[in-house]
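4 protein chains.
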Amino acid sequence: MEYRRLGRSGLQVSVLSYGSWVTYANQIDTRAARECMAAAFDAGVNFFDNAEVYAAGQSEVLMGEAIKALGWPRLSYVVSTKFYWGLSEGPNQKNTLNRKYLMHAIDGSLKRLQLDHVDLVFCHRPDANTPIEETVWAMSDMIRQGKALYWGTSEWSADEIRAAWEIAERHHLHKPVMEQPQYHLFHRRRVEKEYARLYEDIGLGLTTWSPLASGLLTGKYRQGIPAGSRGSMENLSFLREQLTDPAKNEAVGRLEEIARELDASVAQLAIAWCARHPRVSTVITGASRLEQLRHNLGALEVLPRLTPEVLERIDEISKPLAR
Amino acid sequence: MEYRRLGRSGLQVSVLSYGSWVTYANQIDTRAARECMAAAFDAGVNFFDNAEVYAAGQSEVLMGEAIKALGWPRLSYVVSTKFYWGLSEGPNQKNTLNRKYLMHAIDGSLKRLQLDHVDLVFCHRPDANTPIEETVWAMSDMIRQGKALYWGTSEWSADEIRAAWEIAERHHLHKPVMEQPQYHLFHRRRVEKEYARLYEDIGLGLTTWSPLASGLLTGKYRQGIPAGSRGSMENLSFLREQLTDPAKNEAVGRLEEIARELDASVAQLAIAWCARHPRVSTVITGASRLEQLRHNLGALEVLPRLTPEVLERIDEISKPLAR
Amino acid sequence: MEYRRLGRSGLQVSVLSYGSWVTYANQIDTRAARECMAAAFDAGVNFFDNAEVYAAGQSEVLMGEAIKALGWPRLSYVVSTKFYWGLSEGPNQKNTLNRKYLMHAIDGSLKRLQLDHVDLVFCHRPDANTPIEETVWAMSDMIRQGKALYWGTSEWSADEIRAAWEIAERHHLHKPVMEQPQYHLFHRRRVEKEYARLYEDIGLGLTTWSPLASGLLTGKYRQGIPAGSRGSMENLSFLREQLTDPAKNEAVGRLEEIARELDASVAQLAIAWCARHPRVSTVITGASRLEQLRHNLGALEVLPRLTPEVLERIDEISKPLAR
Amino acid sequence: MEYRRLGRSGLQVSVLSYGSWVTYANQIDTRAARECMAAAFDAGVNFFDNAEVYAAGQSEVLMGEAIKALGWPRLSYVVSTKFYWGLSEGPNQKNTLNRKYLMHAIDGSLKRLQLDHVDLVFCHRPDANTPIEETVWAMSDMIRQGKALYWGTSEWSADEIRAAWEIAERHHLHKPVMEQPQYHLFHRRRVEKEYARLYEDIGLGLTTWSPLASGLLTGKYRQGIPAGSRGSMENLSFLREQLTDPAKNEAVGRLEEIARELDASVAQLAIAWCARHPRVSTVITGASRLEQLRHNLGALEVLPRLTPEVLERIDEISKPLAR
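Protein chains in written order, with the working numbering: chain A, 1 to 323; chain B, 1 to 323; chain C, 1 to 323; chain D, 1 to 323.
Everything labelled a hint here was simulated from the structure, so no lab data went into it. There may be inaccurate statements among the hints.
Any copy will do: because identical chains look the same in the list, a pair fits if it lies in one copy or spans two.
[Stated by the list, open to error] Below, simulated EDC-like cross-link-like pairs (lysine to aspartate or glutamate); rule was C-alpha separation at most 20 angstroms, straight line:
| hint | residue 1 | residue 2 |
| --- | --- | --- |
| 1 | LYS94 | GLU2 |
| 2 | LYS111 | ASP201 |
| 3 | LYS147 | ASP107 |
| 4 | LYS94 | ASP42 |
| 5 | LYS193 | GLU250 |
| 6 | LYS193 | GLU65 |
| 7 | LYS220 | GLU291 |
| 8 | LYS94 | ASP127 |
| 9 | LYS68 | GLU241 |
| 10 | LYS220 | ASP245 |
| 11 | LYS319 | GLU250 |
| 12 | LYS94 | ASP263 |
| 13 | LYS319 | GLU291 |
| 14 | LYS94 | GLU192 |
| 15 | LYS220 | GLU312 |
| 16 | LYS193 | GLU160 |
| 17 | LYS68 | GLU257 |
Remember, predicted model here, so these are calculated numbers, not experimental data.
All chains, full assembly: derive it from the sequences and hints.
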């Protein structure tokens, strides 16, 4: 496994990591979760991504039980959670980054995870209705209280990230260290353009999500929506249009040819492609079955095969369709 | 229910809220308190205002018992307290905002409320004998220690509020977020003139008290002082002169005509009129009986009927008599 | 009793206060201590001064037991302690204000006093071998940890006090609030000259010690050293020369005449004279017997009799002999 | 024993101190450790140096047991630990000064030492892969949490030390106080040249290690590598080349002559020579046997015999061979 620093921080994360979004408690039970985590860990994965909202808290419960059962030394793994969406209805209970919600949320997550601190804590989305300063204070307080070690953002604009960093610098608070953006062959602008200055200016690290574009880049939607896939799930219907986009599925077909030449699947190609970006610290992958996990981790071997020439061919196919 | 941000903060409060001043432990017992709070909560009220001095601590005890009995999730409600008047006699025990009193007071309130933190904590009055810096440090320390989430002031001058904000900004402490001023048809200057710059400059939020001018705006003092009313209570004798002011009571009569046209009581008109100010986050209303509570909450329906034309007629009647 | 603000702080202290230096555990037992403290408190004294070094820790033990037995509400009294001399021999154990000693000392004092915090904590002397910045951080940390409410100095130079204040201001730490200097008719320069600018510039408050010049100003040394007096005690032999100074004892004789005109003892005159200085917040007096305590408190009645004319006569007698 | 301030700090350390590097748990058992520590303490040594990595944590366990058994008052001794190398394999487990490792490491050390705080905590080496700012925050947080009293570095460059100091000053954090460099007759540049400006500019104190150049300066390697010596130990093979350097061993022979004139051993001369530098606060010596300890402490008597003339002769012999 290759390890990279989380941006300019001193924390090292495996370039491929394991996330529990969608998967946990929706499609997976306790034992399968533990087996996937054990296999990932044994393969060198040290970062396990989570969020309060994943499976409405159950994802944290499952991961907490797995960690406890597996008995890893605390220094050997990195766990995250994220706050914004909330677990209940009400004006300060969802879609907010206000102090009341955040200070309440971290205690709930730690309890579900059975941990006394998480390593990374993210603001899961920006909240236009809370001053960034209020959020920065609350995130910094989580660190000061020992409940988290580093904090960052997810899907914030470059301007919002910089504002948070500058406010923390001015008030001598803990500064945001990382951002978790969507990043895959068809979704590039943020990572490649919008954040460009932040890498140098504030040392921003990236933990990217959705390397397979919710499954689109596995090729399985080329012949419509398979039963049991994410595209078929009621609560994920917002994904359907993208997953069945004809032009993108046609491009996936052409990428499969390149993948074949590299002795890889198109999914492995897509994951490796994310990891090839020098500012990406870790690519979060999901898996509900052991074989899927191992398949994804195979992307590590594809990484050195992504020569400039190969990357150019990939760009020709995917870039015109990418945001 | 409509929810508004508390000034520029990310906290949302119901535009009508429920306060325990005067009412609790003077005119109300445990069961009635619980019933009123339950009804308010069910109607969408999420802010419950309190203070150390209300009923000499008993108001906090009653509210604490009610909250415990009702079993609401902690994120679903916002509780306040306020410090200044004190509960006992002595040089550091009353009429002060010094560090000794404040650090002692918060522990007492939390114990009476049976909570580990309040959401809002107010300096109940300014204290000319304590440097604002000393008070700012103590209030900020309450937040740092997790005993409160936001702090503010009550009946402070604009200059005092700004001084507190600037001191906190300079020393990187938690800044005041809200002010609790008296605000009703006959008491307007602070909210409409004195604080005008603070809304933009520091994002000040308002939780206003006495929307009915201690009952004057219900019309019940038009024929003298009813038995059992506040105007008749010995310890509230300072209110009597205002309540029986002939010019004001005559104006109340004219406002009743407007209220009738809007299919409302003058009390509902008066409450809605406070809430119509865009800088008012919440109007605190009191009630010792369920029907009174429901009547007050009816002001919500009056709010959209306050057209510019109606507001102009209300101004003609009340403004000449207002401070 | 008259109460004064401790400098610019919001804390109010009785203008006459009760200190346990010399007295406790040397000349007094548990019961006498409790009786004196009870009488002082009943007369309105709210400040009880102490130090780690007084009677080698026993003074704190006695006062702690008395406070516990008397059961006063915590807000009704102000307790101090002071650190510098230490309780044991060794390079970081005595005559120091380094972080190691200070952080250790406060825990010991709180244990002996059976309190969870003191109100005032003093650096008992300046320490030329510790950077003022190190001491400021440690004192501020005591306050941040809730172990003390205000901190100050004792017998520091104006320059040292200002340095401490400026360092705290720059690093956003708790600033020193008060100084405890020796102050009596024959010892004036610090209070009247050296600190003059500090009262306005940083709001320095004073808790003065030795109003009777260790007994000289009672007149009892006019005929030599009485048996059982401080002047006769082995461990206080450094006081003897001053106590038997002929010129000063002669001046005491002339002050007695003025005192007689004011219907007071020379001791009461001397105590009242200290309290007449507008920058003195409190004059610390000691007493091992109830009658002595009551006699000292009688100075309160002498205070208004100190007219400009009387003060001028006192100056004529004492100023030429004063430092 | 002579005591010196640790740089500009107010902490006093014995000019000769006792370190457990190499010795503990490798060459020494519980009883011997306790005996050496007791003898050192009785001779006035008050600083006991340790590190997480020494004997893989066992050195802390042994020292913790000894301290507990000896029952010294907490103020009477100064204990250190150091972090960088780690106790296990893995990306955030060794060779790092990131926040995750440091916050974890201090808890482990305190547990092994059976203490609630150490006096000194060092960054055992610089970490080019962690921003100095991240390390400064973590070290400062250890102090804020009461787990350590002072922090410093070991074998950092002057530039790195100054960067840490300036970052801490700017963000109002606890600043580094001391550095632990190698310093002996053949290793001088850092202490005498590189750090020269830091002594005045930031008040840097030094706790130097290896006064005997791992035994070279005892003369015992003049006739090859004795059995059982450090030079013969497998895990210390990196020392061998230096220990058997012919030119240096020849110089040791000439230094022995000077030592003989001073009625001392060359080891005592070498230790005293380190202590003669005014910026050295303490010279850390090791000993696995009582007689060795007593022999080393004998260097104290040699110190006053190091006249300018003697020092010049020592320089002539050693300086040309020194780094």
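Tested hints:
| no. | hint | result |
| --- | --- | --- |
| 1 | LYS94 / GLU2 | between (37 angstroms within a copy, 16 angstroms between copies) |
| 2 | LYS111 / ASP201 | neither (36 angstroms within a copy, 40 angstroms between copies) |
| 3 | LYS147 / ASP107 | both (8 angstroms within a copy, 15 angstroms between copies) |
| 4 | LYS94 / ASP42 | between (37 angstroms within a copy, 19 angstroms between copies) |
| 5 | LYS193 / GLU250 | neither (26 angstroms within a copy, 65 angstroms between copies) |
| 6 | LYS193 / GLU65 | neither (40 angstroms within a copy, 56 angstroms between copies) |
| 7 | LYS220 / GLU291 | within (16 angstroms within a copy, 62 angstroms between copies) |
| 8 | LYS94 / ASP127 | within (10 angstroms within a copy, 38 angstroms between copies) |
| 9 | LYS68 / GLU241 | neither (39 angstroms within a copy, 48 angstroms between copies) |
| 10 | LYS220 / ASP245 | within (12 angstroms within a copy, 69 angstroms between copies) |
| 11 | LYS319 / GLU250 | within (13 angstroms within a copy, 71 angstroms between copies) |
| 12 | LYS94 / ASP263 | neither (45 angstroms within a copy, 36 angstroms between copies) |
| 13 | LYS319 / GLU291 | neither (30 angstroms within a copy, 65 angstroms between copies) |
| 14 | LYS94 / GLU192 | neither (31 angstroms within a copy, 33 angstroms between copies) |
| 15 | LYS220 / GLU312 | neither (24 angstroms within a copy, 66 angstroms between copies) |
| 16 | LYS193 / GLU160 | within (15 angstroms within a copy, 33 angstroms between copies) |
| 17 | LYS68 / GLU257 | neither (43 angstroms within a copy, 65 angstroms between copies) |
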